[in-house]
Amino acid sequence: MDGNTGSRSGDDVVIEASGLNRTFGEVVAVEGIDLAVTRGEVFGFLGPNGAGKSTTVRMLTTLLRPTGGTARIDGHDVERSAAAVRRVIGVALQDASIDPLMTGNELIRLQAVLHGISRSESKSRGAELLARVGLTGAAGRRVATYSGGMRRRLDLALSLVHEPSILFLDEPSAGLDPTSRLALWEEVRRLNTELGTTVFLTTQYLEEADELAGRIAIIDHGRLVREGSPADLKSTVGSPTLRVEVDPVFLESARRVLIGFGPARPARENRCAIGLDGGAARVAEVVRALDDAGVTVSHLELDLPSLDDVFADATGRRLEGAEK
Amino acid sequence: MSAGAVTGLRLAGVQTLALTRRSVVSEWRQLGNVIPGIVFPLLLAAVYTHQFTRVILLPGFPVVDSFLDFVLPASLVQSVSFGATEAGTELARDIENGFFDRLRASPCTRLPLLLGRLGGAVVVATAKGVLIIAIFLLFGAEIAGGPAAAVVLVAAAVLLVIAIGGLGQMLAILTGSQEAVTATFPLVFTSIFMSSAFFPTNLMSGWFREVAEANPVTWIIDPIRRLVLEGWSWSDVGQALVIPSVISVATVTMAVAALNRKLSSS
Amino acid sequence: MSVATVDHSTNLGHAGMVASAICGRGMRRIMARPTLIMPVLLMPLIFVLSFTGAFGSLTRVEGYGTDNVFNWMAVYAAMQGAVFAGVGGASTTAEDIENGFFDRLLLTPGSRVPILVGTMAYSALRSTIPTTGVLLVSALGGLRLSAGPLALVAVYVATAGMASAFCLLGLAVVYRFRTMRSMILIQVCGFSLMFLSNGQVPIHFMNGWLHTVARVNPVTNVLRFARQGFLGDLTWSMTWPGLVALGAMVAVAGALAVHQLRRLAA
Numbered sequence: 004m005d006g007n008t009g010s011r012s013g014d015d016v017v018i019e020a021s022g023l024n025r026t027f028g029e030v031v032a033v034e035g036i037d038l039a040v041t042r043g044e045v046f047g048f049l050g051p052n053g054a055g056k057s058t059t060v061r062m063l064t065t066l067l068r069p070t071g072g073t074a075r076i077d078g079h080d081v082e083r084s085a086a087a088v089r090r091v092i093g094v095a096l097q098d099a100s101i102d103p104l105m106t107g108n109e110l111i112r113l114q115a116v117l118h119g120i121s122r123s124e125s126k127s128r129g130a131e132l133l134a135r136v137g138l139t140g141a142a143g144r145r146v147a148t149y150s151g152g153m154r155r156r157l158d159l160a161l162s163l164v165h166e167p168s169i170l171f172l173d174e175p176s177a178g179l180d181p182t183s184r185l186a187l188w189e190e191v192r193r194l195n196t197e198l199g200t201t202v203f204l205t206t207q208y209l210e211e212a213d214e215l216a217g218r219i220a221i222i223d224h225g226r227l228v229r230e231g232s233p234a235d236l237k238s239t240v241g242s243p244t245l246r247v248e249v250d251p252v253f254l255e256s257a258r259r260v261l262i263g264f265g266p267a268r269p270a271r272e273n274r275c276a277i278g279l280d281g282g283a284a285r286v287a288e289v290v291r292a293l294d295d296a297g298v299t300v301s302h303l304e305l306d307l308p309s310l311d312d313v314f315a316d317a318t319g320r321r322l323e324g325a326e327k
Numbered sequence: 406m407s408a409g410a411v412t413g414l415r416l417a418g419v420q421t422l423a424l425t426r427r428s429v430v431s432e433w434r435q436l437g438n439v440i441p442g443i444v445f446p447l448l449l450a451a452v453y454t455h456q457f458t459r460v461i462l463l464p465g466f467p468v469v470d471s472f473l474d475f476v477l478p479a480s481l482v483q484s485v486s487f488g489a490t491e492a493g494t495e496l497a498r499d500i501e502n503g504f505f506d507r508l509r510a511s512p513c514t515r516l517p518l519l520l521g522r523l524g525g526a527v528v529v530a531t532a533k534g535v536l537i538i539a540i541f542l543l544f545g546a547e548i549a550g551g552p553a554a555a556v557v558l559v560a561a562a563v564l565l566v567i568a569i570g571g572l573g574q575m576l577a578i579l580t581g582s583q584e585a586v587t588a589t590f591p592l593v594f595t596s597i598f599m600s601s602a603f604f605p606t607n608l609m610s611g612w613f614r615e616v617a618e619a620n621p622v623t624w625i626i627d628p629i630r631r632l633v634l635e636g637w638s639w640s641d642v643g644q645a646l647v648i649p650s651v652i653s654v655a656t657v658t659m660a661v662a663a664l665n666r667k668l669s670s671s
Numbered sequence: 009m010s011v012a013t014v015d016h017s018t019n020l021g022h023a024g025m026v027a028s029a030i031c032g033r034g035m036r037r038i039m040a041r042p043t044l045i046m047p048v049l050l051m052p053l054i055f056v057l058s059f060t061g062a063f064g065s066l067t068r069v070e071g072y073g074t075d076n077v078f079n080w081m082a083v084y085a086a087m088q089g090a091v092f093a094g095v096g097g098a099s100t101t102a103e104d105i106e107n108g109f110f111d112r113l114l115l116t117p118g119s120r121v122p123i124l125v126g127t128m129a130y131s132a133l134r135s136t137i138p139t140t141g142v143l144l145v146s147a148l149g150g151l152r153l154s155a156g157p158l159a160l161v162a163v164y165v166a167t168a169g170m171a172s173a174f175c176l177l178g179l180a181v182v183y184r185f186r187t188m189r190s191m192i193l194i195q196v197c198g199f200s201l202m203f204l205s206n207g208q209v210p211i212h213f214m215n216g217w218l219h220t221v222a223r224v225n226p227v228t229n230v231l232r233f234a235r236q237g238f239l240g241d242l243t244w245s246m247t248w249p250g251l252v253a254l255g256a257m258v259a260v261a262g263a264l265a266v267h268q269l270r271r272l273a274a
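Residue numbers (the working numbering), protein chains in the order written: chain L, 4 to 327; chain U, 406 to 671; chain S, 9 to 274.
One should not assume that every hint holds.
Stated by the list, open to error - Restraint-style ranges between C-beta atoms, simulated for each label pair:
no., chain 1, residue 1, chain 2, residue 2, range
1, S, 68, U, 507, 51 to 61 Å
2, U, 532, S, 50, 23 to 33 Å
3, L, 29, U, 665, 19 to 29 Å
4, L, 238, S, 267, 45 to 55 Å
5, U, 544, S, 193, 57 to 67 Å
6, U, 544, S, 197, 43 to 53 Å
7, L, 29, S, 271, 50 to 60 Å
Note that these hints are calculated values from the structure, not bench results. Computed from a predicted model, the values in this text were never measured in an experiment. Built from N, CA and C at the ideal position, the CB exists for glycine as well.
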């Protein structure tokens with residue numbers, strides 16, 4: 004029985020998986036997943052529907068046994084020390100795990116009992132959490148009367164009752180309106196920066212991964228296809244495209260200037276386009292160089308590669324349900 | 406009969422047949438529903454036969470070789486009652502999920518909408534009835550009235566199914582809820598017990614006897630049982646067929662009236 | 009920086025709190041939606057009324073054991089209600105699994121067995137509702153406490169035990185198949201087991217295969233134990249076989265349930 008709680012040499016890895024596999028009969032849902040998430044990170048797991056995100060989360064949170072490979076949470080093996088894993092994690096799954104016949108307060112209290120938190124402490128924790136997710140007024144009502152967004156917020160509150168150091172969020176903003184989504188992002192950021200909570204979040208929304216995650220892993224058909232920070236991933240698909248529109252009389256001069264900043268790319272009439280080596284940081288230089296050459300620019304735009312481009316580059320398809 | 410009336414009748418017939426087929430297929434698919442309707446009554450009959458061996462010797466009990474002969478009508482009625490509310494629940498389901506509105510918008514006349522479903526229940530009930538009687542005969546029961554009596558038995562049971570089915574459909578139209586119709590099954594189940602099905606009323610006492618004697622199920626079971634135990638009698642045949650027929654006509658008429666009210670009000 | 013890092017897996021106090029929280033949640037659900045308990049209460053009442061009404065004359069048969077049929081049938085109906093209550097407790101878990109709430113319970117940091125124990129306790133508590141209902145109605149029919157208050161102790165112990173056993177059996181099935189529909193299997197098993205016993209008549213009234221089955225059926229001993237207080241005094245010779253049978257049923261069902269719970273994450 005593994006008892007030690009986590010510290011390793013070098014980076015403090017709190018979520019690690021090695022060759023994680025899960026099959027359901029003939030179907031291979033997840034194959035060969037390797038992960039290492041360090042303490043205090045916000046890690047994003049991005050992929051389309053059916054990619055294997057929820058299956059991976061269920062394996063990491065001891066709700067599903069892997070068919071192969073290993074995983075450790077805070078140093079505890081998910082199969083052999085499952086109870087220890089559950090002590091340190093908070094989980095909010097894709098379908099809010101709540102009982103519609105209970106009230107918000109009753110659910111908080113039950114969650115507290117399950118985690119061995121005393122009545123008095125659970126009262127104060129509960130009040131604080133419900134206030135954070137904006138459910139203080141509704142806490143006395145049965146969950147059946149809550150909207151979908153309210154249920155998710157309650158689910159998040161429930162996952163935080165025992166102040167876990169590691170939080171798993173499975174598609175947390177699916178079905179939320181834009182305002183609720185922004186509020187959720189705020190709360191995730193706060194948990195991470197103020198409390199140092201490690202967050203493992205799965206999503207199919209590019210924007211969410213881009214906004215929240217320090218590092219992202221892209222999963223498709225059960226396999227990891229890319230991994231890295233959003234910026235690094237985007238840079239792997241090449242440099243951004245700089246498009247400049249000028250008066251036809253300046254076209255040649257513009258081209259001569261721009262060619263010094265990167266390779267030419269296809270462009271429309273009256274426009275020049277290059278792949279800007281060094282990225283957006285060099286736009287100021289380009290503008291100065293054009294100015295020095297006496298070129299008047301009427302329009303300039305910089306197209307950064309998106310995570311959708313990263314996904315397309317890795318898999319040959321666009322992400323389904325991607326938000327633009 | 407005018408040409409128009411003939412084609413109208415033929416159309417109604419075709420529509421009824423089509424809806425019957427749909428209803429039979431759907432019942433077949435729900436074989437899980439049909440099996441309890443056969444196993445449960447047989448289990449009851451088997452258990453009672455082996456635990457009431459002394460009971461049949463009570464003075465006042467009809468003369469029988471075995472409780473098996475006594476309980477045949479009860480098992481028959483109980484078996485067909487298991488699917489009897491199916492027509493109603495199906496109708497309620499169709500109303501709940503909007504299929505009914507589509508049917509109504511189609512050139513389907515009113516009566517086939519109800520009869521078609523009952524048609525399915527009738528087919529299944531006939532099959533069950535024949536099966537139950539066959540199994541009873543296999544285990545040594547005897548029908549004194551002969552094969553003709555057996556036919557009357559099945560016919561009476563089928564008429565009872567139409568009666569219950571009509572009631573269920575009326576409920577379905579009035580409430581539009583599957584749950585309401587399904588809730589009638591316990592009532593049907595109990596009313597079979599609160600009759601002469603499992604015990605002769607002359608050996609009952611008190612308020613229960615009064616309830617049992619006033620129960621239409623008793624009025625059907627008694628003549629059927631006499632056909633089984635005593636032999637053919639036209640008056641028993643008459644009673645066994647007329648009473649459920651009257652009830653069927655009444656409930657189906659009420660269902661059609663409810664349907665007309667619902668369709669004309671919306 | 010988490011707070012609750014106490015190891016709960018061997019903490020009995022924590023296990024007790026979890027079990028009672030689960031039990032309490034179940035009882036609060038009944039108060040939140042009282043219609044949940046209606047079938048569990050009504051079916052046994054229907055049974056006791058139907059069976060005592062239809063088979064009241066059994067008391068005229070020599071050797072029945074009592075002159076009031078309620079003294080024999082009431083306990084049978086109460087125990088049938090307990091079986092329903094037990095299965096109903098497992099159905100709550102089936103609902104939880106279907107709507108995802110069970111995941112949250114599975115994430116408890118301690119052992120998961122207290123969740124199972126809590127559900128069982130909830131079923132046992134639940135069974136007091138139909139038992140009390142049946143006893144009250146039967147009192148109106150002349151039910152006699154021959155052994156005084158001890159008669160009530162025996163029947164409440166028996167029904168709580170039956171409810172627990174069937175809840176655990178139901179949980180074993182639910183953990184394995186994870187749907188509400190799988191509960192029907194247990195309902196049918198429970199009903200059949202109750203039926204193939206001395207529920208309605210003493211064993212010496214039976215013959216053939218029924219006699220053999222009823223003799224080996226553990227429910228027979230439980231019924232004897234539960235019923236004795238209404239037929240005479242409580243004796244140890246009638247009590248210990250019933251307690252052993254109850255204990256064995258709970259133990260076997262419990263082992264199955266725990267085994268399936270452990271396999272649940274697979």
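Each hint, compared with the structure:
In this structure the supplied range 51 to 61 Å holds for residue 68 of chain S paired with residue 507 of chain U, their Cβ-Cβ distance being about 59 Å. Checked against the given bound of 23 to 33 Å, the beta carbons of residue 532 of chain U and residue 50 of chain S, roughly 31 Å apart, stay inside it. For the hinted restraint 19 to 29 Å between residue 29 of chain L and residue 665 of chain U, the CB-CB distance of approximately 54 Å leaves it violated. A C-beta distance of roughly 53 Å is found between residue 238 of chain L and residue 267 of chain S, which places it inside the suggested range of 45 to 55 Å.
About 27 Å separates the C-beta atoms of residue 544 of chain U and residue 193 of chain S, a value inconsistent with the hinted range of 57 to 67 Å. Between residue 544 of chain U and residue 197 of chain S the Cβ separation comes to about 24 Å, which falls outside the hinted range of 43 to 53 Å. Taking the beta carbon of each, residue 29 of chain L and residue 271 of chain S are about 20 Å apart, not inside 50 to 60 Å as hinted.
Checked against the numbered hints listed earlier, the structure breaks hints 3, 5, 6, 7; every other hint is satisfied.
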